[in-house]
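> Chains as they are written, first to last, in our numbering: chain A, 1 to 298; chain B, 299 to 578; chain C, 579 to 851.
Since the hints were derived computationally from the structure, they do not count as laboratory data.
Among the hints, a few may not be true.
Here are some, though not all, of the chain B residues that point toward chain A, as calculated from beta-carbon distances under 10 angstroms [as the list claims (entries may be wrong)]:
#1 LEU326
#2 ASN352
#3 THR377
#4 GLN378
#5 LEU382
#6 MET388
#7 ASP391
#8 PHE395
#9 LEU397
#10 LEU410
#11 GLU411
#12 VAL415
#13 ARG417
#14 GLY425
To be clear about the criterion: a stretch of chain A counts as covered by chain B if any three or more of its residues have a C-beta under 8 angstroms from a C-beta of chain B, and this derived list gives those stretches [claimed, not checked]:
#15 154 to 163
#16 209 to 217
The C-beta atom is built at its ideal place from N, Cα and C for all residues, glycine as well.
Below are the chains, spelled out letter by letter.
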Amino acid sequence: MAQNLPIPVVFVPGRSFFHRLHPLTKLVWAVVAIVMAFATRNPLVLLGMTVLGLAFIAVAGVVPAYGRVMLILFPISLSLIVFQAIAPAFPQPWIPISRLGPFTIYREGIYSGLSLLMRTYAGSTFAVLLVLTTHPSDLFAALQKLGVPHELNFMVSASLQMVPIVQREFQIVLSAQRSRGMRARGFSSVLPSMVPVFAGTIERVQQLAMSLESRAFGSKGVKTSLRESKATATDYVFALLGVVLAGAGTYLVVRYRDLLDWSKVEFLPPWLSVTIVVVAALTFVTFTIALWRQAQQE
Amino acid sequence: MTEPIISIQNLSYQYALTEHPALNQVSLDIGAGEYVAVMGPCGAGKTSLSLSMNGIIPHMMAGGIEGKVFVAGRDTAETQVRELARVVGMVFDNPEFQLSQVTVREEIALGLENIGVPRDEMLRRIGEVLEIVGLSGFEERSPLNLSGGQQQRLAIAAALAMYPQVLVLDEPTSNLDPIGKEEVFAVAARLNRERGMTIVIVEHEVEVLATYADRILVMSEGRVVLNGPPRAVLSQVEALGRYHTRPPQVTALAYALEPNEHRLADYPVTLEQALAAIPS
Amino acid sequence: MAEFPIEADRLTHVYPGGVQALKTTSLQVQVGEVLGVVGQNGSGKTTLVKHFNGLLRPSSGRLLVMGHDSAGQPVYELARHVGYVFQNPNHQLFSTSVRAELQFGPNNLGLPPAEVQTRVEEAVAFFDLAALLEQHPYRLAFPLRKLVAMASVYAMGPQVFVLDEPTTGQDHEGFNLVRRLVQRLREQQKTVIIVSHDMALLAEVADRLVAMWAAEVIAVGTPREIFADDDVMRRTKLSPPQITQFSRRRWPGQPDHLALTVAEAVSWLNPGH
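Construct the entire structure; sequences and hints are all you get.
Right, dumping it as structure tokens:
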């Protein structure tokens, strides 16, 4: 019955400064980073934030895991650049840079695409740092101290556990139905693949519920916690640092909004902009074909 | 008998939207420290009987109940499941379905957090129950990466951490390989013999139950139809057949050699007894 | 038929992570035999039999089904010849009626409606499911669901059956049912491969046992031969049925007096019976 399921949450154990930092401090940084990322579209500012985030990731020693998580964003980022370049989400008029066949690349598009891309990375890097360096139970225990209900913590962590399990069950059901001659394509394969997974999940959850009740789940009164995160001075100071930096940063980008609006500025030489778009487009197409080929092999 | 730890009085239960009662006028006493095995075919009411011992029936199920169940003096109809959880621990048939936490330690802590056990005490109990079930050192492991037998022992440990007086196990080995089965039976036996834990175990492995059980109950169609020490119950070979269950193989052998149902002596029910009783 | 229904030719399997799940294995399944595959979880027994209908592909070596290399034949094609009944019927049942469940396999094989009908009727007759045809599979008790799952594979008309733990989770009635079914499949000259922990079942129905440990086959022989082999029993940590253990100790040193069933032991103790 043992399956070698990977630990479902992307937490990477370690002893870095960031691992030892209080979960709430890291949460503060994640939140203020997102706020600041949305306060500006200036690619350089956002790049700066991303670089800082990457530095933190490096110090935490979780670069490979970060790469794996960000890989999910990769195709989206590429398509963002490409589509924005030829059809900017920006008020007209647009300044054309170059023509590529039927498509025109606009300066606003480059700006828009790159800034959206940078905003994504700037905003998410600190959140990913939080997830990679914090054991989920520590995070939940910390949230509990803030008053988040115990049951909510449990629901989220139990759901996370369920994801790889449901994936595994789905694979088993597919094998079982293929063994009955089902070809795994088309509408006729939907019900045979999904119904058993749902039924199995329901059965599992029922037994889990009984098991939990039998261990006094839902008791009223004081709950204790196995996990203990003591907040030290470092944690407070670092959290404060994050708030101050982001606060100042946000103030500055708003104050100097016009100066930082590079939508009309040629901040990249045209040949570079075109190269970026072409490379992004090619990579995107290659990526999509590779994925499609892999799906065909199954 | 001194005050029984579980007293079931004329218990009947019918699940909503079903045609027949799952439990039909069951009356039964279980003494503290007894190892009671429950046998019978699917649908006989064994699971329903187990669930009525910790309040899941009637509190978590929809249906009609009659009669009373008392556990350590508490009326299960009047006491919440989460209260009864401190007296009766339950282990179910699918090891993986009972586990939801990221590490072994947290799985055991789950119940203790619910009842507000202080952190130091929690850690102490976790160490203690892991030792009892033979999983010391597994604290940081992921439950999903354990073998079936290990997972089930973890489920037992999680129930034990609540310091119950009774442990009810509903077909705990049905999804396990032979090594896993042995592990679980060994833990149950150790709990009973070394710690006086009252064990109620629903199982089909009659050869094993004959060795460990103080008492065997056979259920059929919602009733307890046989109730007594292993030799007395399992010697009733014809009755067992009628109730769609079976005696140990050596007992079937002894019966086939001497099929007299009115014998005064019981048939052998274990390998050792059979070797002694059946001459060459 | 000259060919073996299933033949493994120096088969190995390595999982994507690098774990060797099956070391070099060669095995010939005989036509019409009931072959038991035994071993603890993780011994490689499931890995081995999953090659038989193409769910797993060899990392090296070949797997032949009906004399043809299974490579290049997708699972849904191999399903014509090899019916795999999964351990948990819930993984296979999805329809609103038992009838629909039985039709699923034959339909997938692309058989004409009349043929599908015939196959379904044969399955109903063999498994005695007439009374349950319109029932919702999930409303049936577990032993009956296992039966329906088996019947739905039978309806595809394969020559070879792979049963994964058919008696696990079953009660005594379920055990008897499986035992009778296997015997009747043998009467129909089907080849049955049973992966099981249930030594009592295999003692009664198996012609040969394949004992596995740590990703390899460590012994192949009749149940009597395997149960008598202390070394194999010790390494696989399996125990023979109680009656076999009894006869071992009652008649020490007499390998032909190793009882596989209660009836056998009775016949030796009471020849007049």
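> All hints are to be evaluated individually against the structure, with a verdict given for each.
Here's how the hints hold up against the structure:
no., hint, in the structure
1, LEU326, "violated, 20 angstroms"
2, ASN352, "holds, 6 angstroms"
3, THR377, "violated, 12 angstroms"
4, GLN378, "holds, 9 angstroms"
5, LEU382, "holds, 8 angstroms"
6, MET388, "holds, 4 angstroms"
7, ASP391, "holds, 8 angstroms"
8, PHE395, "holds, 4 angstroms"
9, LEU397, "holds, 8 angstroms"
10, LEU410, "holds, 7 angstroms"
11, GLU411, "holds, 5 angstroms"
12, VAL415, "holds, 6 angstroms"
13, ARG417, "holds, 6 angstroms"
14, GLY425, "violated, 13 angstroms"
15, 154 to 163, "holds (count 4)"
16, 209 to 217, "holds (count 9)"
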